[in-house]
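Undergrad: Sequence:
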Amino acid sequence: MTSLNITYECVPYGAHLNPQSNVLVLDVGRQTQPGVIDHHHPEAPPECTASLLVKNPELILNHIYPDHQIQPEKLPPLKFVTHRFPDFDAIVSLFLAEQIILTGEVDEDMVALAEYTKLVDSGSLPRTYDLTGT
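Residue numbers 865 to 998, in the working numbering, belong to the letters of the sequence shown in order.
None of these hints come from the bench; they were simulated from the model.
These numbers come from a predicted model, not from an experiment.
Treat the hints with caution; some may be incorrect.
Pairwise CB distance ranges (calculated) [to be verified]: (1) K938 with L989: 38 to 48 Å; (2) R991 with D951: 13 to 23 Å; (3) S885 with D973: 26 to 36 Å; (4) R991 with I934: 40 to 50 Å.
Don't be surprised by glycine CBs; every beta carbon is placed ideally from N, CA and C.
Working from the sequences, and respecting the hints, build out all of it.
TA: As structure tokens, this is what we get:
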């Protein structure tokens, strides 16, 4: 199985970050565009970062694969950036981003995980939610 060479960096909450080559900023950065995917800004849709990723995988793919010709195993080392003390949305976003880069697609399990993450991130997880399958 293909793996990616990824380093991780945590930055202060609310940091404003701009896109950089081979860097993916998740759940921090104060904007939503290819390379920086955050929902903590006034123009953000009512989503969490994980749900933004599965609804808009091009925000990752167009940034990491600008020429759409490279295979995952030929990518240069990547850096994933999130906020310090990562919460559930940040951790899930890191996982989903790696899977989207490796597969080039979003599958139904990724969508289900993102939907669950949105419930957790928004504090909307119903008391009746069945956690036996987790």
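Undergrad: Tell me the numbers of any earlier hints that the structure contravenes, in ascending order.
TA: none
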